[in-house]
Amino acid sequence: MLSLIYLIAITAEAMTGALAAGRRRMDIFGVAVIAFLTALGGGTVRDIVLGRYPIGWTQHPEYVLLVVAGGLAAVLISRYMRHLNRLFLLLDALGLVAFTVIGCDVALGMGYHPVIVAMAGMITGIAGGILRDVLCNRVPVVFRRELYASVSLLVAMLYLGLEALHAPHDWNIAASFAFGLALRMAALWRKWRLPVFAYIHDHH
Amino acid sequence: MLSLIYLIAITAEAMTGALAAGRRRMDIFGVAVIAFLTALGGGTVRDIVLGRYPIGWTQHPEYVLLVVAGGLAAVLISRYMRHLNRLFLLLDALGLVAFTVIGCDVALGMGYHPVIVAMAGMITGIAGGILRDVLCNRVPVVFRRELYASVSLLVAMLYLGLEALHAPHDWNIAASFAFGLALRMAALWRKWRLPVFAYIHDHH
Amino acid sequence: MLSLIYLIAITAEAMTGALAAGRRRMDIFGVAVIAFLTALGGGTVRDIVLGRYPIGWTQHPEYVLLVVAGGLAAVLISRYMRHLNRLFLLLDALGLVAFTVIGCDVALGMGYHPVIVAMAGMITGIAGGILRDVLCNRVPVVFRRELYASVSLLVAMLYLGLEALHAPHDWNIAASFAFGLALRMAALWRKWRLPVFAYIHDHH
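Heads up: the sequence lines are chains A, B and C, in that order.
Going by the numbering used here, the first sequence opens with residue 1, and the numbers climb by one from there.
Going by the numbering used here, the second sequence opens with residue 1, and the numbers climb by one from there.
Going by the numbering used here, the third sequence opens with residue 1, and the numbers climb by one from there.
Think of the hints as simulated: they come from the structure by calculation, not from any bench.
Please note that a few of the clues may not be correct.
[As the list claims (entries may be wrong)] Residues from chain C shown here face chain B by an in silico Cβ test under 8 angstroms; the list is partial: (1) Val49; (2) His60; (3) Tyr112; (4) Val115; (5) Ile116; (6) Met119; (7) Arg138; (8) Val139; (9) Arg144; (10) Leu194; (11) Pro195; (12) Val196; (13) Tyr199.
[Stated by the list, open to error] Per label pair, the in silico range of CB-to-CB distance: (14) Gly111(C) to Gly111(A): 55 to 61 angstroms; (15) Gln59(A) to Ala198(B): 33 to 39 angstroms; (16) Leu7(C) to Met157(A): 23 to 29 angstroms; (17) Val196(A) to Gly111(C): 44 to 50 angstroms; (18) Leu90(A) to Leu2(B): 49 to 55 angstroms; (19) Ala178(C) to Gly161(A): 47 to 53 angstroms; (20) Ala73(B) to Leu89(C): 33 to 39 angstroms; (21) Arg190(B) to Glu62(A): 55 to 61 angstroms; (22) Arg190(B) to Arg86(A): 41 to 47 angstroms; (23) Ala73(B) to Arg86(A): 54 to 60 angstroms.
[To be verified] Stretch by stretch, here's where chain C covers chain A in the computed footprint (C-beta under 8 angstroms, at least three residues): (24) 41–55; (25) 134–140.
Glycine residues also receive a C-beta, built at the ideal position from the N, C-alpha and C atoms.
Can you make the complete structure from the sequences, with help from the hints?
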């Protein structure tokens with residue numbers, strides 16, 4: 001089940017990455033690279049930081065082909081994608097929770113401290129979007145929009161808390177998705193944002 | 001022979017990296033860092049992604065000194081470099097093919113799947129230029145100009161195909177250079193580009 | 001003693017990172033991420049490049065909490081921080097020397113060549129600031145301002161030179177701090193800069 005959600009999520013992330021590349025008028029090769037990094041970049045950064053080799057997608061070339069195909073498909077259907085905006089926000093939220101839970105599981109299995117496990121979950125959830133934005137030459141949106149990275153952190157904390165209480169794994173996964181999706185959707189609907197720090201005393 | 005081409009290529013890449021730094025009015029230390037990353041960054045990213053330690057240049061400090069010297073030399077002769085533009089485009093194309101072939105060889109030797117081997121070749125070929133552009137705060141040109149990253153992909157596919165057919169290694173290398181150089185030069189001369197994806201329905 | 005300076009330095013770096021995030025109007029989550037990367041990103045890049053696993057902060061979750069707390073504290077006292085500008089320039093200089101010396105020690109202990117050891121010192125000293133600037137979408141200041149990266153290089157060379165002469169370790173550390181702090185402070189006071197390479201013959 002989590003595997004299926006993962007495949008749907010990386011495809012959806014690849015498609016939104018492709019649109020970001022299109023806003024920068026990249027060629028279709030650039031679209032494919034940005035789609036790949038948006039979808040699989042978070043897991044790549046997590047594996048490098050945790051020292052987990054071989055890196056996930058290097059053992060699953062079918063994931064690479066899937067996300068590249070997803071990115072190129074987004075080019076073909078781009079004129080319809082704005083009508084699918086809500087669907088993609090939902091799939092993106094699914095992906096955020098799935099990536100976070102998977103990232104926590106990987107770090108738990110390697111015996112890292114709970115603080116590091118939560119960070120591994122967040123890195124998996126948000127680093128792909130950060131790489132996408134850096135390569136598209138803009139300040140990462142995950143640091144400025146409706147609750148996003150913080151949803152990942154709270155999901156990680158809930159997941160680790162329930163694990164510590166020895167909750168059944170399936171229930172824990174279900175609770176994480178229910179909580180994470182509800183929080184992210186509510187944040188989008190009510191435009192919840194974290195406080196912004198605007199520092200203007202700049203003497204540099 | 002491939003070693004000699006490699007040394008020429010990293011020096012040429014370092015020199016073009018230095019010019020990019022000069023367009024951002026960096027100091028000579030910044031020039032040296034950008035020269036280093038442009039020349040050796042692709043191999044570094046490849047080694048990190050494949051988990052190949054120790055990373056290449058850490059065992060060859062003479063490469064580091066060579067590319068830094070190349071970058072600083074470019075500063076000294078910068079006023080003449082625009083007259084050498086065609087020479088540097090040729091050296092850059094040589095480097096693209098050499099990096100791609102070397103990257104494929106590294107991943108082949110580690111037993112990765114052919115899809116990952118081709119990606120290792122491309123990463124080696126293009127990641128240095130991407131790092132250069134990110135640090136110079138611009139959208140990577142490899143995603144927007146005349147065929148470049150796609151030349152790397154096609155060279156990797158040709159190289160892997162000939163390897164699979166058990167072609168003699170020297171012939172395979174020669175064919176890769178002949179094909180890659182011809183394609184890149186033709187793309188520059190005829191201004192061949194991949195289709196661009198311009199996405200303007202942006203409601204963010 | 002070096003450990004204490006290290007803790008002070010990562011906290012100070014986190015606080016200056018937070019101000020950079022505030023200039024981009026990030027939310028407090030973005031502030032925490034930039035604070036973390038500014039303070040601990042240099043050591044992370046060094047460990048990844050040298051292949052030193054597990055990465056330092058993954059074994060010290062208290063460092064992660066310290067730098068995040070430092071970043072958030074900077075938000076609270078940001079209106080006073082410009083009055084503390086000189087203090088933070090001093091703490092930043094302390095951190096630059098401490099990071100450089102620690103980075104050299106790590107690479108020395110792994111048996112790398114002196115050129116690579118000096119690079120490990122510099123990477124530890126400057127990569128955090130580079131990551132901060134890339135995520136804040138600007139050209140890294142370490143390549144353009146008063147002597148900074150070059151102070152790190154000279155400190156690394158002095159430190160390695162005294163090590164090679166079998167100077168007592170404490171004396172070596174003391175000499176590195178005295179030299180590095182004096183050079184950085186003099187550079188700030190006298191506005192010493194490296195020559196800038198401004199390349200304007202841009203035909204791209």
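Are 3 or more residues of the stretch 134–140 of chain A near chain C, judged by a Cβ distance of less than 8 angstroms? Since three or more residues must qualify, the claim that chain C covers the stretch 134–140 of chain A holds, with 5 doing so at under 8 angstroms.
Let me know if the C-beta of arginine 138(C) comes in closer than 8 angstroms to any C-beta of chain B, holds or violated. Hint holds; arginine 138(C) Cβ to chain B Cβ min 6 angstroms, cut 8 angstroms.
Going by Cβ atoms only, is methionine 119(C) closer than 8 angstroms to chain B? Holds - the Cβ of methionine 119(C) comes within 8 angstroms of chain B, reaching about 7 angstroms at its closest.
Hint check, valine 115(C) versus chain B [nearest Cβ-Cβ separation less than 8 angstroms]: Because about 4 angstroms separates valine 115(C) from the closest Cβ in chain B, which is inside the 8 angstroms limit, the hint holds.
Next item in the hint list is leucine 194(C). Is there a CB on chain B closer than 8 angstroms to its CB? holds, 4 angstroms
Consistency of beta-carbon spacing, glutamate 62(A) to arginine 190(B), with hint 55 to 61 angstroms: violated, 36 angstroms
Return holds or violated for the Cβ distance of leucine 7(C) and methionine 157(A) against the range 23 to 29 angstroms. holds, 26 angstroms
Holds or violated: valine 139(C) as interface residue toward chain B, Cβ cutoff 8 angstroms? holds, 5 angstroms
Holds or violated: 33 to 39 angstroms for the Cβ distance of alanine 73(B) and leucine 89(C)? holds, 34 angstroms
Are arginine 144(C) and chain B close enough, Cβ to Cβ, to be under 8 angstroms, as the hint says? Result: holds, 6 angstroms to nearest chain B Cβ.
Minimum Cβ distance from valine 196(C) to chain B below 8 angstroms? With a closest approach of 5 angstroms, the valine 196(C) hint holds.
Could you check the hint for me, namely that alanine 178(C) and glycine 161(A) are 47 to 53 angstroms apart, CB to CB? Distance hint for alanine 178(C), glycine 161(A) holds at roughly 49 angstroms.
Taken one by one, the earlier hints fail for this structure at numbers 2, 14, 21, listed in ascending order.
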